[in-house]
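**Student:** For reference, the chains in residue letters:
Protein chains: 2
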Amino acid sequence: MKNADASLLDATGTIARATIKDVAAAAGVSVSTASKALNERGRMASETRERIQAVAQQLGFRPNAMARALVGQRSFTLGLLTNDTYGRFTLPIAAGLSAAMADRGVSVFLCAIDDEPERVRLNVNAMEDKRVDGLVVSGKRVDRVLPVDLPAVHMPVVYVNAACPPGAIGFVPDDEGGAHAAVSHLISLGRKRIAHVTGPRSFSAVGLREQGWQRALSEAALLCFGEALSGEWSEAFGYAAGQRFVSYPVSERPDAVFCGNDQIARGLIDALTLSGIRVPQDIAVVGFDNWEIFATATRPPLTTVDMALKELGRQAGLTLLDMIDGKPVEAGQRRLPCRLKVRESCGSPAPWAE
Amino acid sequence: MKNADASLLDATGTIARATIKDVAAAAGVSVSTASKALNERGRMASETRERIQAVAQQLGFRPNAMARALVGQRSFTLGLLTNDTYGRFTLPIAAGLSAAMADRGVSVFLCAIDDEPERVRLNVNAMEDKRVDGLVVSGKRVDRVLPVDLPAVHMPVVYVNAACPPGAIGFVPDDEGGAHAAVSHLISLGRKRIAHVTGPRSFSAVGLREQGWQRALSEAALLCFGEALSGEWSEAFGYAAGQRFVSYPVSERPDAVFCGNDQIARGLIDALTLSGIRVPQDIAVVGFDNWEIFATATRPPLTTVDMALKELGRQAGLTLLDMIDGKPVEAGQRRLPCRLKVRESCGSPAPWAE
DNA sequence: CTGAAAGCGCTTACAG
DNA sequence: CTGAAAGCGCTTACAG
Chain A
1 MKNADASLLD ATGTIARATI KDVAAAAGVS VSTASKALNE RGRMASETRE RIQAVAQQLG
61 FRPNAMARAL VGQRSFTLGL LTNDTYGRFT LPIAAGLSAA MADRGVSVFL CAIDDEPERV
121 RLNVNAMEDK RVDGLVVSGK RVDRVLPVDL PAVHMPVVYV NAACPPGAIG FVPDDEGGAH
181 AAVSHLISLG RKRIAHVTGP RSFSAVGLRE QGWQRALSEA ALLCFGEALS GEWSEAFGYA
241 AGQRFVSYPV SERPDAVFCG NDQIARGLID ALTLSGIRVP QDIAVVGFDN WEIFATATRP
301 PLTTVDMALK ELGRQAGLTL LDMIDGKPVE AGQRRLPCRL KVRESCGSPA PWAE
Chain B
1 MKNADASLLD ATGTIARATI KDVAAAAGVS VSTASKALNE RGRMASETRE RIQAVAQQLG
61 FRPNAMARAL VGQRSFTLGL LTNDTYGRFT LPIAAGLSAA MADRGVSVFL CAIDDEPERV
121 RLNVNAMEDK RVDGLVVSGK RVDRVLPVDL PAVHMPVVYV NAACPPGAIG FVPDDEGGAH
181 AAVSHLISLG RKRIAHVTGP RSFSAVGLRE QGWQRALSEA ALLCFGEALS GEWSEAFGYA
241 AGQRFVSYPV SERPDAVFCG NDQIARGLID ALTLSGIRVP QDIAVVGFDN WEIFATATRP
301 PLTTVDMALK ELGRQAGLTL LDMIDGKPVE AGQRRLPCRL KVRESCGSPA PWAE
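Protein chains in written order, with the UniProt record's numbering: chain A, 1 to 354; chain B, 1 to 354.
If you are wondering where the hints come from, they were derived from the structure by calculation, not from laboratory data.
These figures come from a predicted structure and were not determined experimentally.
Glycine included, each C-beta is placed from N, C-alpha and C at the ideal position.
Don't take each hint at face value.
[Unchecked claim] Here are a few chain A residues that face chain B, going by a calculated C-beta distance under 8 Å:
hint, residue
1, V29
2, T33
3, V108
4, A112
5, A126
6, R141
7, A220
8, L222
9, L223
10, C224
[What the hints assert, rightly or not] No farther apart than 35 Å at their CA atoms in a straight line, the calculated lysine-lysine pairs in the DSBU-like style are these:
hint, chain 1, residue 1, chain 2, residue 2
11, B, K21, A, K21
12, A, K341, B, K140
13, B, K192, B, K140
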């Protein structure tokens, strides 16, 4: 017998779901006893308990989460506010968050906001009205804050890949560490003249990745290959940078380039390849983002830094749950480790490095 | 005075939100009168009504949506189930849906499911427990159905960019129409030898786009330029196709290529350009998807078909709301119009076409 | 025009 | 071990 068969048609002809009252009646006990049996609470004859559970199962009973929330003062829902309609960052973060939360019985509302303050307010209000237990705010840059006065919000908040106001709790990728890992890997492969081509200086990630590059080099007692080249986060800029390297005499070219993102790496590889420079033999290239659509389309496939965005979303959610439970959690921004995804553009096919 | 100031600290030290009881007490009326005043229901002295509303405002009162849902048998929430973790389709759809719903006071739960039936079940159960009013199911292919027995679900369901089971209601882009518009535009620009390079035949979208290509051609009394070239949805395949055209004698080359997606178009343009063939002068190229990251990175920028995914999400949500309201809505799949995004690869800068 | 009562679907002390 | 009562925060008939 299918559970649906046990459902009753109500007056309007739609299917009415069984309530705990139905279960109690069918089992011949009171509602409070039914509740206790279904929640494994208190002591009771296990024979009774099992009978009630069997009846519930048969009626396809599922407790109404809203009724539960009302008495428990806890909705088991979260709100995710994001202004990244582009989707590059939000979707992995949301997927990681949503999956981890689903396993714990909590569901997450998606609020796609542009940066119009009025719409932000609308969405925040909706989340308050729906009595979500907490909010995760996610952005597309770690140095920009959303235009909402979130501190005035009556619930725990966690920031992901977005600026974290003083005293708040945030999660961002460890840009410096990721860059350090990428450059160290290049060094371990024997490269010594490692250039850096990256995005606009106005992004804090640019400074951090540059520091990682410098630290890896100095730890290996190597000099930076000139200044970092800062420009746009685009293929076009990567291409231009590649042409610039090509114009150097062979002896003055870098033997590797660490790029600030995958698009730059893609453009750079195109420029190099067009001029007959072999990647990785002549110049090794490493990117940043592991945006698969780019990283797997380059020839050869791109070695790049993965920011572990799913994990970022997951950790943010778990921490938010702790806060909701009243556990003490330290204020401040956490930098979660990136991991290097080794493909072929760095000169190491490295099936073992995976 | 800020609203937050009016909040009271409860026993645990967290901020307690004002309830309707607080409002009623502060205004010196009964709870039922307060409710009526706040909901603009029934008749009452407008002086009383305004006084109550003022008190509510001052206390920062916001009705608890879950309590409301409990009595109204309507939660003003929706679930969005998607298996497109890739994000290409889901994010625009979700953004369009979420924005349209937010304006109507309904919030949407995001359920990122892989295709593991067990996790699908987990998420569907969560949505049922949370008593969402309806479900929108979105996928990454219009010819694949999710592995859930959704008909057994006790609520209205709408499918977006996914297969639509018999008798259900679905929304997909009008692939045939989009292709027709793209090819017609090429024809209007004077092209006559229009080839088609596209994805795997196993995708229904491939057949539909091919039909659009054929219809536009036959309406203009033009012949197809050979068979459609079917391969992968990748730059690599587009590149290979481009090389193939290059290998033809000049007089036997197409003067335009309609590509099944933007990645193919990108690869094709690269191959053409590398061989000294000018785009669009020698061969015009049009893509499909308007995936901006590709469409704006090609040289020249790509003219392509936009599937209007945001609008798809919006329409799906509005229709779902109608179903929830009990309005009659016709079963079947709706094909929503695509629109051509004219850039430069088709040979028409067309500032007026925008 | 206003308020007391009942109820939405649950859980949680508290009596028996 | 089991059940009656009260209550979570609201709304909706129904009396006054």
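**Student:** Hint by hint, note whether the structure agrees.
**Tutor:** To see whether the hints hold, each was checked on the structure:
| no. | hint | verdict |
| --- | --- | --- |
| 1 | V29 | violated, 22 Å |
| 2 | T33 | violated, 22 Å |
| 3 | V108 | holds, 6 Å |
| 4 | A112 | holds, 4 Å |
| 5 | A126 | holds, 5 Å |
| 6 | R141 | violated, 17 Å |
| 7 | A220 | violated, 35 Å |
| 8 | L222 | violated, 33 Å |
| 9 | L223 | violated, 33 Å |
| 10 | C224 | violated, 29 Å |
| 11 | B:K21 x A:K21 | holds, 28 Å |
| 12 | A:K341 x B:K140 | holds, 26 Å |
| 13 | B:K192 x B:K140 | holds, 33 Å |
Violated hints, listed in ascending order, are 1, 2, 6, 7, 8, 9, 10; each of the other numbered hints is respected by the structure.
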